[in-house]
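Input sequences plus hints: build the corresponding full structure.
As they're listed, the protein sequences go chains Z and H. 1 is the number of the first residue of the first sequence in the working numbering; add one for each residue after it. 816 is the number of the first residue of the second sequence in the working numbering; add one for each residue after it.
Rough simulated footprint, nothing fancy, chain H against chain Z, three-plus residues with beta-carbon under 8 Å:
| # | region |
| --- | --- |
| 1 | 121 to 128 |
| 2 | 278 to 288 |
| 3 | 699 to 712 |
| 4 | 718 to 724 |
| 5 | 775 to 782 |
In short, the hints are calculated from the structure, not lab data. The structure displayed is predicted, hence computed values, not measured ones. We put the CB at the ideal spot given by N, CA and C, even for glycine.
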Amino acid sequence: MSTRLFGAPIKRKEDPRLVTGGGRYLDDLGHGALAAAFVRSPHAHARVVDIDADDAFELDGVLGIYAHDDLPGKVGEPLPLLIPHPALTHGRTGYALARDEVNHVGEPVVMVVATDRYVAEDACQRIRVRYEPLPVVVGIETARDGAARVHSDVPGNVAAHLTQVVGDVDAALASAPHTLTLELDIERSASTPLEGRGVYARWDDERDELRMYSSTQTSTGVRAAVAAKLDLPLAKVECIAPDVGGGFGVKIMHPWPEEVLVPWAARRLGHPVKWTEDRREHFVAAAHERGQLHTVTVGFDDDGHLLGLDVKFWHDNGAYTPYGIIVPIITSTQLLGPYKPGAYRVKFWSLYTNTVLVTPYRGAGRPQGCFAMERTMDAIADRLGLDRAEVRARNFILPSEMPYDHGLLFQDGRPLRYDSGDFPATLSKLKALVGWDDFATERAAATAQGRKIGLGIGCYVEGTGVGPYEGSHVQVETSGRVNVSIGLTSQGQGHETVFAQIVADELGVRMEDVFVTTGDTRKMGYAVGTFASRAAVMSGSAVALAARQVRAKALRIAADALEVSADDLEIVDGTVQVKGAPSASMTLGTVSVLSNPLRYAFDEAAQAATQFAGTFDPDRPPVAAGDEPGLEGKDFYSPTQATFANGMHAAIVETDPVTAEIRILRYCVVHDCGPMINPLIVEGQVHGGVAQGVGGALYERMVYDESGQLLNASFMDFLMPYASEVPTIETDHLETPSPLNPLGIKGAGEAGCIPVSAVIASAIEDAEGFAITRMPISPSELWGLRRRYAAGEITPLRRASPRSEPADRAEEPTP
Amino acid sequence: MKPAPFEYHAPRSVEEAVAVLAEVGHDGKVLAGGQSLIPILNMRLASPGHLIDINHVTGLDDIEITSDSVRVGALVRHSGLERSDSTHAALPLLRQAVVNVAHPAIRNRGTTVGSIAHADAAGEMPAVLALCDGTVEVVGPHGIREVGWQHFFLGALETVLAPDELAVATRFNRMPPGTGTAFAESARRSGDYALAGVAVRVTVSDGVVSAAAASFVSVTDVPSVLDLTPALGGRELADAGFGSALDQAAEAVREHVAPETDIHASADYRRMLVAELTRRALPIAISRSNAAFVHESAVATVSSRTNAAFEGLGGGRR
Ligand SMILES: Cc1cc2nc3c(=O)[nH]c(=O)nc-3n(C[C@H](O)[C@H](O)[C@H](O)COP(=O)(O)OP(=O)(O)OC[C@H]3O[C@@H](n4cnc5c(N)ncnc54)[C@H](O)[C@@H]3O)c2cc1C
Chain Z
1 MSTRLFGAPI KRKEDPRLVT GGGRYLDDLG HGALAAAFVR SPHAHARVVD IDADDAFELD
61 GVLGIYAHDD LPGKVGEPLP LLIPHPALTH GRTGYALARD EVNHVGEPVV MVVATDRYVA
121 EDACQRIRVR YEPLPVVVGI ETARDGAARV HSDVPGNVAA HLTQVVGDVD AALASAPHTL
181 TLELDIERSA STPLEGRGVY ARWDDERDEL RMYSSTQTST GVRAAVAAKL DLPLAKVECI
241 APDVGGGFGV KIMHPWPEEV LVPWAARRLG HPVKWTEDRR EHFVAAAHER GQLHTVTVGF
301 DDDGHLLGLD VKFWHDNGAY TPYGIIVPII TSTQLLGPYK PGAYRVKFWS LYTNTVLVTP
361 YRGAGRPQGC FAMERTMDAI ADRLGLDRAE VRARNFILPS EMPYDHGLLF QDGRPLRYDS
421 GDFPATLSKL KALVGWDDFA TERAAATAQG RKIGLGIGCY VEGTGVGPYE GSHVQVETSG
481 RVNVSIGLTS QGQGHETVFA QIVADELGVR MEDVFVTTGD TRKMGYAVGT FASRAAVMSG
541 SAVALAARQV RAKALRIAAD ALEVSADDLE IVDGTVQVKG APSASMTLGT VSVLSNPLRY
601 AFDEAAQAAT QFAGTFDPDR PPVAAGDEPG LEGKDFYSPT QATFANGMHA AIVETDPVTA
661 EIRILRYCVV HDCGPMINPL IVEGQVHGGV AQGVGGALYE RMVYDESGQL LNASFMDFLM
721 PYASEVPTIE TDHLETPSPL NPLGIKGAGE AGCIPVSAVI ASAIEDAEGF AITRMPISPS
781 ELWGLRRRYA AGEITPLRRA SPRSEPADRA EEPTP
Chain H
816 MKPAPFEYHA PRSVEEAVAV LAEVGHDGKV LAGGQSLIPI LNMRLASPGH LIDINHVTGL
876 DDIEITSDSV RVGALVRHSG LERSDSTHAA LPLLRQAVVN VAHPAIRNRG TTVGSIAHAD
936 AAGEMPAVLA LCDGTVEVVG PHGIREVGWQ HFFLGALETV LAPDELAVAT RFNRMPPGTG
996 TAFAESARRS GDYALAGVAV RVTVSDGVVS AAAASFVSVT DVPSVLDLTP ALGGRELADA
1056 GFGSALDQAA EAVREHVAPE TDIHASADYR RMLVAELTRR ALPIAISRSN AAFVHESAVA
1116 TVSSRTNAAF EGLGGGRR
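Structure, rendered in structure tokens:
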């Protein structure tokens, strides 16, 4: 047998191509295409009064200038609301080009198509749009206050209000020996992939067909949406995701206005059109996430066991809700992490603001929920004078309690039921990795040197691999080459490698003979997309199932040809052979030849399958009833529910005693995504996630002023961490398999970023001796908190206070 | 993000460059390393009708070291200054400071003279020019003139350079014997423009401070030099009260600077920060004063790491 590839830390197949400039990203395509550029609203909220494009039309090279009035039929109707929900009572979506109102800075108002992007931008500059400004709603407090409205027909700016309850929370809180209330605040950040969005479309006049490329996380979704908007049969639209330079969530949103307008213009002008988003556009016209305010009230006993948890939060959904309320639903359910909350009630309000819309960004609502839960755990430990890890452990769901049903509905509309995990084991690995029990000594040594250090911890559970389904097609060519198609797209995660590993194992072929194509609707028309850490679970399972079909068929054909029983055969390195007698064998390529009865031999190998070549049974048709020609298989995987991965992080952070500069000294991750297909890729995913988490904890925020201008819409002022800001990440793994899928795997894509803000807040708080309730935090802000602390405006943590008293029953708000 | 149309000129000599500048007047912009200008053009914050690219002009890429000064030509890149050992031996402050300018890729293109001509209040090199009591050599249609740093900077992003003038070099004066220097800054991310920064120089004779001064980054709108001799002068290094002298110096800095609040830090924070940076940089400068021009340690060649604000101090920790 060849060595098993599943589980091997194989280097990524796609990397030599990608790191030597061989990648073909959206902007590498269509050099002869016309260029689109957009006039975007400079106002956060205004009526569009008049558009004057006369000067722009005079520029050489301008081929088309379009405003909403120019958009025919469905192109001019509101964009779809992708994920309706009964609680989303006031869902609103924008138009491809603003009709008579703009609701955020950056909303597209006019599209220009010109010979190149330079001319298109020159033209944009000459277009004069007259606006009548309207009152602007920025920030959750202003939205909640409701005095000004984003949409005049949405009272209180409330798009959705949802409550989920398990048990009697009021009774639990009333009888709890201790209660605490926390007010918590997480600011906006964004996916900010290095490649922005982009669309390139070609209309084929002869065939009345559209071919489009989009830098998307869902080519099937874009295809369906564009076909609907342009009133085209699905069969006349192809959508291909080329190499995509990162997505992190923002590219699962679709169709973007530009994804509708560029194909429309290409058809109308009879010439290919391309639009490549620039960085400023990405900041003001794509999507953000994270902004939420939480109020958490928790009741617990003397040992720190949760008795009741009452969470209210307000979610900033930006100007429109095309992606529904997925993000706050995830927050409200995944907040619970690895814990049994006792009675639980969560209420959220999803609010409109005059800012860029909010759609899932890696972590998708979980970092906020994790922050709320983990701050609560730390507060309980501090109140009771207990070890923070111990309080967590006391509330864990135990392996013996799996599967564990929380009694809530998850983002896929199915029960929030944990399938697997061993939280106590994960925690003990983490404590060993970071040296939890030795930290007191470490801190004492640092204190003696006049340094301030703190230890932080955060735990999370992540529902991954949500449905509805994914599929795969596996085909062996007569050369022995194995083609694998999956419908979901790749944004650099390593899909060409991991799916090849699975197929190589299942089929018994060499890695280098397997070629994976992703996100091409010509190859796989049925697919959902890449999000929710679902690629490995969903497509991985489908790939395994399809490969198993191919294997069974290969064994059947070879058994016939070799006149042995299929049970006696094995496939090794692409050759089907008799177990124990490998000289009786044939290559999979030959099996492929035999699988396809031929009239014409196109090469020497093919002669074996022609009509006079063999001794066929004259009474049987060349292709048996129920069989198909070709050595190929197609299968789909559709689970009843998500599978739940989990992890725990710890960090040691140093804060400068004078300047309040914050430095992460150590960052430790223990992660359980079940059996790892490729540990190297899992580690890469974890590293990338932690890097984004560090961004959210210490650097990144979207700074809107009161008038709705984004003040830091560039990489100069939006501080994505550099490699120099990302700590060395120490990892360890636990592999508890999921019972839900054929490979036992769970998703790993988002895990790294989920608890980072919680962990860093926990560590800074531990170093400083007062509560940290808002993230991200900068040195300037920490220094400001220290001054307020010194002035007595912030209460110390009990463990930092010499006057610390035993726990009492009164409800005491934390600062 | 594409610039508005412009006409491109690539003069081969200073005379030619100045002639083009004179012809196009206010509608022209000099293009040196382009690390500040190109983003400005791409974002259409400026749309000059003419770009005068000086990268093909001969004779502008030399560093000349004399007994008094280091003269840096207009095409010397930040990285050229950083890597020149003889420059470092002559005036260590240059390397100590220039490694804090952005990242290597930007230093490979950006010029030190361009940085001074650009006059960003957050630029390191204008502050260094000031502390070295330097000058800018300017060529215009009427010949050459040398402008002292006090007269060169008019405001943030504003200098005395006329539209028809080219800065061909800057001259940094070397320090008197017994002088040590240090540079310290703190940025949100390594290589970013600093929240606050300081360049200090201290002259020590016979174990006693005879002169000390500092200049600042990001906390004054034009470069300015603060004389710290009143705080430190006459103090003996072995003096038990040296700590209070440092406090006094830090206090003087706090009063001298005029920082502003922006989205990255409050004015109060920057004021505290620059005072503390000064406090930490001064002892380093003093430690270098004796052997200042001989045994410069490798400190200055290390680029900053996560929040590595303090060369030799913070930078040494993990
Ligand atoms: C990401 C990034 C980070 C940066 N971080 C820093 C930093 O931390 N600290 C810092 O100091 N700088 C920083 N910079 C700016 C960098 O140092 C620039 O190189 C420098 O400010 C300008 O030099 P340049 O040669 O690129 O000039 P250009 O960009 O070519 O020109 C800048 C301006 O100066 C004028 N000019 C240039 N040369 C002359 C001349 N010889 N005569 C007359 N006028 C002239 C130009 O007309 C233009 O107005 C950063 C830049 C980037 C892109």
